[in-house]
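A.B. asks: Heads up: the sequence lines are chains A and B, in that order. Residues 1 to 508 in the working numbering are what the first sequence spells out, letter by letter. Residues 1 to 508 in the working numbering are what the second sequence spells out, letter by letter.
Errors might be hidden in some of the hints.
Within a straight-line C-alpha distance of at most 30 Å, the following computed DSSO-like cross-link-like pairs (lysine-lysine) qualify [to be verified]:
no. : chain 1 : residue 1 : chain 2 : residue 2
1   : A       : Lys338    : A       : Lys255
2   : B       : Lys483    : A       : Lys341
3   : A       : Lys107    : B       : Lys483
If you're looking for bench data, these hints aren't it; they were derived computationally from the structure. Please read these numbers as outputs of a predicted model, since none were measured by experiment.
There are 2 protein chains.
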Amino acid sequence: MIKSALISVWNKDGLDDLIKFLDENNIEIISTGGTQRYIESIGVDVTPISAITGQPAIMDGRVKTLHPKIFGGILADRNNPNHMNDLKEMNAIPIDLVVVNFYPFVKEAVLKNLELKKAIEYIDIGGPSMIRASAKNYHSVVSLCDNSLFPEFIEYFERTNGVFPLELRRKWASKVFEITNIYESSIYNYFSPEKEPTPKSLSISVNLSESLRYGENPHQTSGFYTEIDSNLPWTQLQGKKMSYNNYADMDSAFKIMCEFEDNCCVIIKHANPCGFGLSNSIKDSYLKAISTDPISYFGGIVGLNKIVDAETAKELVKSFLECIIAPDYTDEALEIFKSKKNLRIVTHSKGNDQHFNLRSVAGGYLYQQSDYFEEVIRNCEVVTIKNPTNSEWKALDIGWKLVRFVKSNGIVIANSEQLLGVGAGQMSRIDSVKIAIRKAGEAGLNLDGAILASDAFFPFSDSLNLAGKHGIKSIIQPGGSIKDKNIINEANELGVSMVMTGKRHFYH
Amino acid sequence: MIKSALISVWNKDGLDDLIKFLDENNIEIISTGGTQRYIESIGVDVTPISAITGQPAIMDGRVKTLHPKIFGGILADRNNPNHMNDLKEMNAIPIDLVVVNFYPFVKEAVLKNLELKKAIEYIDIGGPSMIRASAKNYHSVVSLCDNSLFPEFIEYFERTNGVFPLELRRKWASKVFEITNIYESSIYNYFSPEKEPTPKSLSISVNLSESLRYGENPHQTSGFYTEIDSNLPWTQLQGKKMSYNNYADMDSAFKIMCEFEDNCCVIIKHANPCGFGLSNSIKDSYLKAISTDPISYFGGIVGLNKIVDAETAKELVKSFLECIIAPDYTDEALEIFKSKKNLRIVTHSKGNDQHFNLRSVAGGYLYQQSDYFEEVIRNCEVVTIKNPTNSEWKALDIGWKLVRFVKSNGIVIANSEQLLGVGAGQMSRIDSVKIAIRKAGEAGLNLDGAILASDAFFPFSDSLNLAGKHGIKSIIQPGGSIKDKNIINEANELGVSMVMTGKRHFYH
């Protein structure tokens with residue numbers, strides 16, 4: 001039976017109902033500071049903590065509750081006569097319910113960018129200590145660490161006359177450690193803003209932002225999670241619920257779009273780009289993108305890096321697409337999309353600031369710094385007698401930026417305006433070249449004068465040879481093979497130019 | 001200047017040196033309980049906490065340090081006259097150094113599988129409260145929350161005569177929240193062992209198990225992380241340091257191996273299987289695996305699900321391979337591997353118990369339950385007039401188990417003994433079929449009587465048609481296309497059998 005409740009809360013949502021309920025049930029309310037004043041303001045009597053401890057709050061409230069009479073009251077095992085005797089000898093009482101939430105460190109310190117010296121005032125010491133103590137002693141004490149639990153508490157109390165089963169107390173105790181875990185994680189991140197390249201330990205606390213219908217496949221449950229108090233980087237304006245695969249593909253579309261200044265359009269299927277166009281108009285960039293592979297783009301994710309207008313929207317609704325992502329849409333465009341109720345229309349609200357990525361593997365996690373470009377390709381070494389033409393440089397730029405997002409081994413064939421062929425995910429490089437060439441041919445695209453980008457070096461000259469035979473005039477690749485000399489000779493013999501970037505971009 | 005130190009530690013590694021050093025520098029040592037007894041046993045004087053608080057430890061030590069005189073001493077801002085006055089009025093002294101480590105919850109409760117009722121005794125309340133208070137007040141107080149910091153503390157103290165710069169105090173304060181974060185995470189995980197399908201919040205605390213040379217590419221830093229106090233699931237017996245891509249590929253190899261009882265060998269390149277054999281002997285399974293793609297397997301990761309003997313080792317050292325993983329190796333086999341110093345030889349120590357996977361995408365994380373098989377293919381529906389033969393059922397089993405680990409769209413062609421062709425990572429299904437057929441042909445493998453597995457349904461009958469033309473006699477796929485009827489008719493016309501599993505296995 002609950003006879004006394006210690007209440008110390010910053011967030012007072014729903015507190016009135018709880019207080020009145022406790023009061024009606026003749027539960028003694030113990031409190032201090034702002035919470036005490038608030039409770040008194042709604043006309044309910046409070047036992048001040050100082051009346052129990054005989055010690056006023058000191059140091060501007062830094063020390064209020066940290067007292068053996070309070071902690072003894074929370075921590076005493078009710079089934080242990082020695083504990084109860086210790087409590088009696090101190091002239092203290094058992095505290096049966098602890099209601100605590102913490103100084104809002106994230107809201108007041110992190111989001112307001114407080115300097116650390118001021119931020120530390122939002123590091124709650126007494127609150128976590130009390131609620132952790134109550135959770136430890138969940139056999140004897142009820143812990144409420146989240147205001148969303150108040151209605152459940154009241155409802156349960158009414159139904160069972162104040163008897164809370166062990167299982168429920170345990171669940172609420174578990175919630176305490178969930179919340180302290182998140183709280184400590186926020187503070188730690190604030191204290192250590194500079195991420196080491198490979199930190200000694202990694203702590204990730206994220207909240208379910210959106211429960212997804214399923215994962216990569218219907219039999220896998222799934223969710224999208226974001227950091228505490230952060231917002232979704234995407235806003236969906238219409239259409240079916242986003243799926244796991246939509247999120248993953250959108251990630252690729254978004255990252256590719258971020259690489260280009262001019263109007264561009266990229267189409268993603270199965271995490272690979274299967275269409276890309278660069279143009280003066282956003283509509284034209286889409287038309288170019290679909291011409292890369294006029295069959296595979298069906299059901300794709302389309303990313304456009306400029307505001308989508310009505311002209312473009314009219315083209316977009318002609319085919320079945322899963323999802324469109326762009327910085328924004330004109331009102332007319334949004335009207336047009338309404339004719340396709342299922343089509344997901346998404347705006348992205350911020351840049352790509354991911355500085356690392358994480359994936360689980362059996363036994364643990366692989367962490368790595370995100371891949372990035374530091375190479376400005378115009379500054380990279382041309383290793384052949386021939387130099388790329390201006391138009392080829394433009395095409396090489398497209399090829400190099402796209403091949404990084406093609407699953408390895410990745411090959412991209414492009415001209416200065418669009419993607420022509422993609423060879424993705426093969427276990428040998430020559431296979432990727434064969435596929436890229438075949439795909440471009442099947443789409444009726446002319447390879448004459450096109451360029452080829454390879455995400456890693458060529459182990460042999462066979463790929464080069466094949467590319468040259470099909471009209472490729474310039475090649476970009478990292479270099480670094482022991483056969484580089486042969487490869488350069490082969491390029492010179494074929495009369496193609498070749499740029500070596502020095503940087504590999506595997507992506508699996 | 002540090003005049004007093006509060007010490008409360010469970011782990012006493014390196015404590016002797018620290019205590020003697022503090023004593024030599026005339027720093028008053030305040031302590032209680034086991035730590036107090038330990039310090040006295042090495043002949044150093046201690047001020048008992050009870051002498052400061054006037055309050056003995058109660059409730060079997062549950063309440064020892066939680067007292068305003070202790071917390072006032074830690075939390076008083078030395079630059080705030082009111083704080084210092086409050087301290088004086090209480091007749092308490094400032095505490096300048098706090099040395100705390102916690103009850104070892106993971107070691108004593110988690111690893112020993114204590115029931116929760118006993119485990120809670122290892123939830124430290126006073127320790128985290130004190131060290132958090134000292135970290136909050138890092139402007140005035142030095143926090144040592146980890147014994148590994150003791151030598152650094154002593155060295156710094158000697159060099160600077162006990163003056164610790166703010167930056168260092170801040171670094172150590174940051175370490176406090178790193179450690180409390182991990183501690184709370186362990187407790188939370190212990191309290192909530194049942195993982196919800198998509199939990200409301202996710203908390204992952206992992207330690208750097210091995211710093212890797214680099215990530216997917218040389219310009220990305222990287223590390224392999226494991227849960228607190230867990231061990232590496234792999235042991236490397238010889239060879240170069242494991243790379244990020246080795247870990248990722250090994251993960252695939254390992255998961256595939258786990259699916260088969262008989263002697264099998266799988267070879268992974270760029271996260272896709274490029275060779276697989278099933279046989280009576282482990283050596284023969286390797287020979288079959290390399291025949292799948294006798295060129296691409298170079299530089300691959302080889303997984304074998306049985307103990308590797310000398311005969312097999314002799315074959316394995318004939319080609320350049322990156323890494324071999326198996327449950328174990330005979331001594332003779334290990335001798336043979338020594339001739340190839342760089343070759344990574346790895347044993348795996350446990351099964352695959354990953355129940356979810358996580359990947360970062362822009363703005364957050366995608367979490368999903370791991371993919372798994374629940375379908376026993378012999379129980380799946382044969383939708384065609386023709387039934388698979390016994391040997392075809394065996395081949396369908398291989399195909400279905402492998403295609404799940406081929407990047408989507410994934411196609412696998414196999415017979416009852418080996419993988420014949422893989423079509424990986426294509427944006428249209430027919431392309432994957434074309435690639436799988438071409439690859440098998442280039443390797444000189446006979447497709448007559450082979451089977452084809454598809455990770456998702458066929459949108460059109462073109463893939464089927466192509467497969468039938470090349471001698472494929474049986475097909476396994478999830479079904480679920482609106483064109484299923486046409487597809488089944490087509491299969492009947494071609495005279496091939498077809499099994500529908502009802503489960504898709506996309507994998508990106």
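A.B. asks: Out of the numbered hints, which ones does the structure contradict?
C.D. replies: 3
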